[in-house]
Amino acid sequence: MFKLKFQNIEMISNKKKICSKKFVLFFYGLGCCSSDLDFLLKKKFLNKQQILIFDLPGHNYLNYKYETLSSYVRKIYLFIIKNNIQNITFFAHSVGGIIPILLMKEFLKNKVKVSKFFNYEGNLTEADTETLTKKTISYSRNDFASNKFSSLIKKCEQSDKKYLNLWSKSLKKTSSYAFYDLSFECVKFSMTDELFYFFRSFFKKKVYLIGEKSKFNKPELYFGSVRFKIKNSGHFSYFENRREFGKVFEQLILKNN
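When we follow the numbering used here, the leftmost residue of the sequence shown carries the number 137, and every step to the right adds one.
A portion of the hints provided could be inaccurate.
[Said to hold, decoys possible] Calculated cross-link-like contacts (lysine-lysine; reagent style DSS-like; alpha-carbon spacing at most 30 Å):
1. Lys270 / Lys249
2. Lys139 / Lys271
3. Lys270 / Lys324
4. Lys305 / Lys241
5. Lys291 / Lys184
6. Lys291 / Lys157
7. Lys367 / Lys211
8. Lys308 / Lys297
9. Lys249 / Lys271
10. Lys365 / Lys241
11. Lys157 / Lys270
12. Lys152 / Lys245
13. Lys247 / Lys270
14. Lys178 / Lys270
15. Lys290 / Lys152
16. Lys271 / Lys391
17. Lys284 / Lys245
18. Lys290 / Lys349
19. Lys245 / Lys151
20. Lys201 / Lys180
21. Lys184 / Lys218
22. Lys349 / Lys184
23. Lys270 / Lys284
24. Lys367 / Lys180
25. Lys211 / Lys349
26. Lys141 / Lys157
27. Lys291 / Lys201
28. Lys365 / Lys141
29. Lys249 / Lys284
30. Lys271 / Lys245
31. Lys290 / Lys351
32. Lys141 / Lys383
Hints in this document: simulated from the structure, not taken from any laboratory.
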């Protein structure tokens, strides 16, 4: 595992420097860390391509200064351009699902080749914000950061669900203000239909992934893509069933090449 940095953005990779022709750019969900996914870097099939797992602002112990999703995405765009990254496969989870859409919509349209977009329960509609992010911003920023965030961590720690116990460990590495600000950004972008329609119309090759245990009552082709279920998992399959998530990740990336 190698750590790479560009401006104030940090990421982990299976290669020491940017040196491949094909790239997998991975964006995780709110309150997680790149280290939660470092097991993917050991996949031998990735030897001929490079995976970059980006840390969100204020996550994984990163110092946090207020940042919008658009400004964060712009830095990723500059990183891509500077390193002449041309052939990209996106793999994103939850809030991270917004990032490839903003990248292509605001900066990279017609500038790079997107081989495929694997979207694992990524935020596309207002309904995707109901469980956590909308509740987060129902509090004032200071109240959430000073009180409610620690309550969320404690609740996850004491849960009888292992994946929430594991998530709590990553939450402890996350700035409470970053969690709040990104929740606000997520709700802001998800309140309109722009993410949804751009995902449906722009990305020609895409797969929408859901955990088998997740509550999902939309029609099969609702997002304009093939739907794929991750067995014995819900929203956090890389915590709930790491082996199955790794298997699905490998299967999808290999099939894409």
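Against the structure, the hints:
1. The hinted pair formed by Lys270 and Lys249 fails the criterion: a straight-line CA distance of about 34 Å is larger than 30 Å.
2. Distance check on the hinted pair: Lys139 and Lys271 sit about 34 Å apart at the alpha-carbon level, beyond 30 Å; violated.
3. With a C-alpha separation of about 10 Å, the suggested pairing of Lys270 with Lys324 holds against the 30 Å cut-off.
4. As the CA atoms of Lys305 and Lys241 are separated by approximately 33 Å, the hinted pair breaks the 30 Å bound.
5. For the proposed pair Lys291 and Lys184, the alpha carbon gap of about 42 Å is over 30 Å, so the pair is violated.
6. A hinted pair counts as satisfied when its Cα atoms are at most 30 Å apart, and Lys291 with Lys157 does not qualify at roughly 44 Å.
7. At roughly 35 Å between alpha-carbon atoms, Lys367 and Lys211 are farther apart than 30 Å, so this suggested pair is violated.
8. For the given pair, Lys308 sits about 17 Å from Lys297 by alpha-carbon distance, which is consistent with the 30 Å threshold.
9. Of the supplied pair hints, the one linking Lys249 and Lys271 is violated, its CA atoms being roughly 37 Å apart against a limit of 30 Å.
10. Straight-line distance between C-alpha atoms of Lys365 and Lys241 comes to about 27 Å, which keeps the hinted pair within the 30 Å bound.
11. Of the supplied pair hints, the one linking Lys157 and Lys270 is violated, its CA atoms being roughly 39 Å apart against a limit of 30 Å.
12. With a C-alpha separation of about 28 Å, the suggested pairing of Lys152 with Lys245 holds against the 30 Å cut-off.
13. For a cut-off of 30 Å, the pair hint linking Lys247 to Lys270 is broken: about 34 Å separates their Cα positions.
14. The hinted pair formed by Lys178 and Lys270 fails the criterion: a straight-line CA distance of about 36 Å is larger than 30 Å.
15. A threshold of 30 Å between alpha carbons decides the hint, and for Lys290 with Lys152 the separation of about 37 Å lies outside it, so the pair is violated.
16. Proximity of Lys271 to Lys391 is assessed by CA-CA distance (about 38 Å); at most 30 Å being required, the pair is judged violated.
17. The straight-line distance between the Cα atoms of Lys284 and Lys245 is roughly 39 Å, outside the 30 Å bound, and the hint therefore fails.
18. With a C-alpha separation of about 24 Å, the suggested pairing of Lys290 with Lys349 holds against the 30 Å cut-off.
19. With a C-alpha separation of about 27 Å, the suggested pair Lys245 and Lys151 falls inside the 30 Å cut-off, and the hint holds.
20. As the CA atoms of Lys201 and Lys180 are separated by approximately 37 Å, the hinted pair breaks the 30 Å bound.
21. Pair hint Lys184 plus Lys218 holds up; C-alpha atoms about 21 Å apart against a cutoff of 30 Å.
22. A C-alpha spacing of about 34 Å is found between Lys349 and Lys184, which places the hinted pair above 30 Å, so the restraint is violated.
23. Simply put, Lys270 and Lys284 have alpha-carbon atoms about 14 Å apart, close enough for the 30 Å limit, and the pair holds.
24. For a cut-off of 30 Å, the pair hint linking Lys367 to Lys180 stands: about 23 Å separates their Cα positions.
25. About 35 Å separates the Cα atoms of Lys211 and Lys349, which puts this hinted pair outside 30 Å; it is violated.
26. The hinted pair formed by Lys141 and Lys157 meets the criterion: a straight-line CA distance of about 19 Å does not exceed 30 Å.
27. With a C-alpha separation of about 27 Å, the suggested pairing of Lys291 with Lys201 holds against the 30 Å cut-off.
28. The suggested pairing of Lys365 with Lys141 is violated, with an alpha-carbon distance near 33 Å, which exceeds 30 Å.
29. Taken as a hint, the Lys249 and Lys284 pair is broken in the structure, with Cα atoms around 42 Å apart against an allowance of 30 Å.
30. Straight-line distance between C-alpha atoms of Lys271 and Lys245 comes to about 33 Å, which puts the hinted pair past the 30 Å bound.
31. Straight-line distance between C-alpha atoms of Lys290 and Lys351 comes to about 25 Å, which keeps the hinted pair within the 30 Å bound.
32. Only pairs whose Cα atoms come within 30 Å are accepted, and Lys141 paired with Lys383 is accepted, the gap being roughly 28 Å.
Hint violations for this structure: numbers 1, 2, 4, 5, 6, 7, 9, 11, 13, 14, 15, 16, 17, 20, 22, 25, 28, 29, 30, all remaining hints satisfied.
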